[in-house]
Structure formats: structure tokens, C-alpha cells
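Peer 1: Since chain G is already given, all that's left is putting chain Y on it; use the hints.
As given, the protein sequences belong to chains G and Y, one line each in that order. Throughout the first sequence, residue numbering follows the working numbering, covering 1 to 136 in sequence. Throughout the second sequence, residue numbering follows the working numbering, covering 1 to 110 in sequence.
Careful: at least some of the hints might be erroneous.
[As the list claims (entries may be wrong)] Calculated Cβ distances over 12 Å to all of chain Y for the following chain G residues:
(1) 17
(2) 21
(3) 46
(4) 60
(5) 87
(6) 92
(7) 115
(8) 119
(9) 128
(10) 129
(11) 135
[Unchecked claim] Listed below are several chain Y residues computed to face chain G (Cβ distance under 7 Å; list not exhaustive):
(12) 59
(13) 60
(14) 66
Just so you know, these hints were derived from the structure itself, not from any lab. All residues carry an ideal CB built from backbone N, CA and C; glycine is no exception.
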Amino acid sequence: MSEQIKKFMYVNRRAPYGTIYAWESLEVVLIGAAFDQDVSLAFIDDGVYQLIKGQDTAEVEMKNFSPTYQALGDYDVTKLFVEKESLEERGLTLEDLMPLTYEDEDDDWAEKDSIRLVSRAELADIMDEQDVFFSF
Amino acid sequence: MAIEANGKTFETDEEGYLTNLAEWEPAVADAMAAEDDLPLTEEHWEILNFLREYYEEYQIAPAVRVLTKAVGKRLGKEKGNSKYLYALFPYGPGKQACRFAGLPKPTGCI
Numbered sequence: 001m002s003e004q005i006k007k008f009m010y011v012n013r014r015a016p017y018g019t020i021y022a023w024e025s026l027e028v029v030l031i032g033a034a035f036d037q038d039v040s041l042a043f044i045d046d047g048v049y050q051l052i053k054g055q056d057t058a059e060v061e062m063k064n065f066s067p068t069y070q071a072l073g074d075y076d077v078t079k080l081f082v083e084k085e086s087l088e089e090r091g092l093t094l095e096d097l098m099p100l101t102y103e104d105e106d107d108d109w110a111e112k113d114s115i116r117l118v119s120r121a122e123l124a125d126i127m128d129e130q131d132v133f134f135s136f
Numbered sequence: 001m002a003i004e005a006n007g008k009t010f011e012t013d014e015e016g017y018l019t020n021l022a023e024w025e026p027a028v029a030d031a032m033a034a035e036d037d038l039p040l041t042e043e044h045w046e047i048l049n050f051l052r053e054y055y056e057e058y059q060i061a062p063a064v065r066v067l068t069k070a071v072g073k074r075l076g077k078e079k080g081n082s083k084y085l086y087a088l089f090p091y092g093p094g095k096q097a098c099r100f101a102g103l104p105k106p107t108g109c110i
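In isolation and in its complexed conformation, chain G is listed as follows:
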């Protein structure tokens, strides 16, 4: 039985805490990873805050789930597109984000960056290639 692999993109537009969207998205990604599809994540608008370094949720009394993004590589989720303009509009750079990596099975398990900085125009092209979107 041959099944067609589809391109799934999870679009994250909201800040990590205050609403449940970011955590729900991450859980759906991890669950969906079992289906062997071509998965990518996009972080745009306030969604870029989900990947920020040094998150501390003690004051907001929510679980700090930012370490879970480090597990995405183990789940073979290796394409995290971060929109350059969204970072710039918030005075952020790549340096402000957690370093996220995966081990490339096809390249002798070399450690590679999962985060890919793309412009709004580039992201639009990538979105154009997708079959399925999940918007959070």
C-alpha cells in the first residue's frame, strides 16, 4: 500500500503563554510526527517569542514548555522557519532564540540547525508548496 506523503505546515503566530495555542500546537506537532509526513513549522508575528532563550514562567504560573522544542529533532521535525521581518519588528535577532538542532541521519548524524531564518517573501513561497496547514 503506497501512501502519498503530504507537506504539513504548522503556523505559529502567538506568544507562548497567556493562551494555550503554542503548547497545543507543539503537542499536535509531536503527535502528528508519528504519521511520517513532511512536517515544517513556521513562526511569525508574536509566534517568534515561542523560541526565545531563557524563558522563565515562574511568575505566570504556567509550565515552561520551551525545553520541549529541543525534542523536535528526535521526532524528525527539523524544519523550523522563522520569519526575519517578525524578528526585526520586535527588535530580536537569531541570537535571541534557543539554538535548536537535529542529527542528520543521511549525513553521518551530523548536528545541524533546525531554525531557518527566512524573509516574508521566501516564507510565502514555502507556504505555496504546502498541502496542509494547521494554524495556531
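Peer 2: Chain Y in isolation, oriented as in the chain G frame:
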């Protein structure tokens, strides 16, 4: 639901997972294993400790295939396969071992 261990009562959910992960102690694993008729050996504990470390680091219980891969990397190839893990935990290395280790049901376990 609840489980008795070490003279104390621990609350569990309807599937037998610990409600408050912070309450976990090794006696809980032994008590749960006794209910499943599965005495815990050193080999079991190696996996349970590994799961607790994984949770500590990533804040999730790994799905079986992720666990299998990670065990192979950390504990050796002869242990990083489902045959070895299912022999230790016949009800599923994800579900059963995570329950014993005081973790929630694995994320991505379907």
C-alpha cells in the same frame, strides 16, 4: 484512583498515571509493577531512570519510537530496539514504563 506505596497514598488518573508527577518516588514504580505482576529488575530501572532524565530535560514523555532511538544512542544498540523494550515492558515501553516512572502518557503515543 490511587495507589499505595511506602505507607502513603498516591493519586492516579483513570489510566493509572500519577496525577502529581512531583510526588513520585521509587516505591511508586515498585507498587505499580507489582499490580502488573512484573517485578522490576536492574534492566527495568535503567529504562525508568532514562525516562525520568528525558522528562527532566525535555518536559515530555517520549513516543515509543523516539524512546527506542534515544535508548539505542545512550544505552547501546542492543537495547535500542522494540524487541528488548517490549520484553521488559510487555504492555508497551511507552505507556507502561512511563507510568512506572511517574511520567504522563507519552506525547505522540497513539
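Peer 1: If a hint holds in the structure, say so; if it does not, say that too.
Peer 2: Hints versus structure:
With a least beta-carbon separation of about 14 Å from chain Y, residue 17/G lies farther than 12 Å from that chain, consistent with its non-interface assignment. Every beta carbon of chain Y lies more than 12 Å from that of residue 21/G, the smallest distance being close to 17 Å; the non-interface claim holds. Consistency note on residue 46/G: stated as away from chain Y, and its beta-carbon is indeed over 12 Å from all of that chain's, at 21 Å minimum. Against the 12 Å criterion, residue 60/G stays outside the reach of chain Y, whose nearest CB is about 16 Å from its own CB.
The non-interface label for residue 87/G is consistent with chain Y: the shortest C-beta to C-beta separation is roughly 25 Å, beyond 12 Å. Distance check on residue 92/G: its Cβ is at least 23 Å (rounded) from any Cβ of chain Y, clearing the 12 Å threshold; non-interface status holds. No beta-carbon of chain Y comes within 12 Å of the beta-carbon of residue 115/G; the shortest separation is about 17 Å. Non-interface status of residue 119/G relative to chain Y is upheld: no Cβ of that chain comes within 12 Å, the nearest being about 31 Å off.
With a minimum CB-CB distance of about 28 Å to chain Y, residue 128/G clears the 12 Å threshold, and the non-interface call stands. Distance check for residue 129/G against chain Y: the nearest CB is about 25 Å away, which clears 12 Å, and the non-interface claim stands. With a cut of 12 Å on Cβ distances, residue 135/G stays outside the contact zone with chain Y, its closest approach being about 21 Å. The beta carbon of residue 59/Y comes within 5 Å of a beta carbon in chain G, closer than 7 Å, and the hint placing it at the interface holds.
Interface hint status for residue 60/Y: upheld, as the beta-carbon distance to the closest one in chain G is roughly 5 Å, under 7 Å. For residue 66/Y, the interface hint holds, the least distance from its beta-carbon to any beta-carbon of chain G being 5 Å, beneath 7 Å.
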